[in-house]
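*Asks:* Line by line, the protein sequences are chains A and H.
The numbering of the first sequence is this note's numbering, which starts it at 1 and goes up by one.
The numbering of the second sequence is this note's numbering, which starts it at 1 and goes up by one.
Everything labelled a hint here was simulated from the structure, so no lab data went into it.
We treat Cβ as the ideally placed atom computed from N, Cα and C, and that holds for glycine.
Treat the hints loosely; a few may be bogus.
To be verified - Output of the computed footprint for chain A on chain H, the stretches with three or more beta carbons under 8 angstroms from beta carbons of chain A: (1) 187-193; (2) 196-205; (3) 216-230; (4) 353-364; (5) 395-408.
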Amino acid sequence: MPGTVRPLAALSVIAACALALTACGSSGSGGSADGSPAPSGSALAGQSITVYSGQHEQTVKALTEDFTKRTGIKVELRSGDEAELANQILQEGAASPADVFYAENPPALTVLGDKGLLAPVSADTLKSVPAADSSAKGDWVGISARTAAFLAGTGKGADTAPPASVLDLAKPEWKGRLGIAPSETDFAPVVTQVLKAKGEDAAKQWLKGLKDNAKVYDSNENLSAAINSGEVEGGVIDHYYFYRLRDEKGAADTHSTLHYFPKGDPGALVDVSGAAVLKNGKHQAAGQAFLAYLASAPAQTVIANSASYEYPLVTGVKGKPELPALDGIGAVADPAQLGDGKQALSLLQDAGLLQ
Amino acid sequence: MLAPVATVVVAVVASPLGFVIAQAAQAGWEQTRRLLGRPLIATLLWHTVTLAAAVTLATAVLGFGAAYLVERTALPGRRAWTVALALPLAVPEFVRGYSWVSLFRSVHGYWGAVLVMTCSLYPLVFLPVAAALRHGDAAAEEVSRSLGRGRLATLWRVTMPLTRPALAGGVLLVSLYLLGEYGAFAMLRYTTFATAVFTQYKLGFDAASASLLTLVLVALALLLVGLEAWAGRHARVTRHGALARTAPPVRLGRWTVPALAALAALVAVSLGVPLYALGYWLIKGSSTTLPSASVLGATLATLGYALGAALVATAAAVPVALYAWRRGTRPARAVERVAYLTRALPGIAVALSVVYFAVRYAQPLYQQPPMLIAGYVVLFFPLALTAVRAALAQVPPGVEEAARSLGTRPLAVLGRVTLPLVLPGLGAAVAMVGLTASTELTATLLLRPTGTQTLATQFWVYTSGLAYGAAAPYAALMVALSVPSVLLLTRRTLGRPGKNS
């Protein structure tokens, strides 16, 4: 028996040490942030930045590898759900190890900007993309875009007679035929566009109609799969879910078709993904260099050619050939209008689409 | 010595409660009124409570019934059934939810949630009850039978009360888990209170509101823990002889076929459905990943962290369980029960709490491997505690006193008498925590060292890009790696059958 006792005792000691270390380890602040001005070019080589990313991981990996090759700056990539990462940065506060936050939607960035956690983006980087695609305050820069669209089961009524406007989806004739994913961060911009175009009362009425008509899904992935399998006739999703689903299922098993809302409709909407340098990051210059890279032609080409099917924002870089031109589709959802997403959230909650 | 150690451990594992209270305190009175005053809150509470009640009842019936069949009857293939009945523990939660939703359109809402959760959680009742039946003394049951009580009356009046502590412990874990669960319910399109908490984090970026709502879950958890304490109040099941008697198995006669059919149906539904879906993705998905270095790296990381967490959680559970067991006083039991409350918190709240404390008080360890292990320990400590508690409950009282009266020092008593007696329970605790930690996703994403990949995070990367074919090998590996743990668990929890006869 003593043979079994010693390992156990050792185990308790290890456990106690580990618990003690994690629970009441030293409370140093981890050193002061090095806010020194940007050293030029090669001086940054050998530095290592930490990027929190809520974006499609494979694409961001390709980007960070190319960036390291070009600049010698190493990148520690931390992928996660964008909202969880934003919450993490909020809890970390000044002690955050993050140098850059690459989000999927503007509200996650706006929340951090409102708390004063973002540093201004360098003017040259902001200039590389259209002004409407970045934050008006200049604390984050737009990197890529996607469009809202209507996915319909091929041959279904929703496909042969697609809605002329996203507003039509609240009409009684759509009852029982629709799916939506209101808990996804991608849905709020559509709500905001309707709000902007028609006012609060109309937006509430519209959401009420949607609630009556639609089946609620937990994610865009499951919604697009449900449309493809015929569970519902159609629904509003971002365009790239269709292309990603098509790549996974193969042409033979793709039973859905993408329709765009006519230009000028609240549903004809372009939503940007942006990135920011965190004010408390210890590698400000290297962080800015990463943002400059993301907004450069080589990075935009990587994005355009990747399997994530997003639109590049820099002029002169073309998206995938099967994607229709971005400016033919609609207007960019104004980040200032989207705000921190709370207005759309409370409308969705009032309508009972969210809890 | 024991009391301060136990208190420190419980303070650490219950720290998320402190985080939730501190965050909730930042919400103003107006915000509180608006949030909790919504009529929706009552609906969500009703959803949560009715679901928890139904699933808890169903898991109790299925868990007890299955345990009775494999431990007390002459059912053919009892050992194989024991393993098959425990195996659903090896299926990761997100695989289970998705497999049901993708294979059966009609599985959703309340009944869908009851079905899926019952299938995944009944082993939490089955294992401890089976262990209690195997180790418990069958003499009382024999006496009852010899005094003329019928088989059913004996089952109801003698067998069931003997397993009450095990049953209550398993049921407590099930019901607490249901309070904080989010992902599976979202897939099943069923809203509970945890849904509202997630909305506040995910779309509101509002930790104060989310925490305020979480406090309601804590209140529910307190109620459940109190109920469990009340249910188990007189139930200290001990045997006084060194060896327990095993009863001759009950003959099922014409009930053999229905009993076998019931067990087969339970296993088919809870194990067959997820395995079928997994096989389908493996074969049909057109996105595939070749077995690459990332698979190996993710496998090693998963195993390392799960094992580390399992060992730490088990070692930490020993002083807490021992303290409550030796003292048996009300404060001692209260300390032990506080450790259960964290189980009812949504995973994201626990993970953010670990972020909050680590970044402030253990900065050098922030996003280092110990932080992820600490996160797992905080999340899964109740699982380890339950297993150690169950093992201690089988130790005859007075053994330690006897050893001490013979002049052995207290630490030596612990090392040479008590721990060897509960060793199988420690094995069960290690297996249980390791199993659960190896498939954890939410906290892993938030707490892992930057750049570290586990099987669960890789699975998430691919499924969030709709590449189910590429994701499937990771899920299959998770299941395959869990099988040895389940085997260890069934063996450790139950011990070898018939060794006492």
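*Asks:* Identify every previously stated hint that the structure contradicts and give their numbers, smallest first.
*Replies:* 3 and 5
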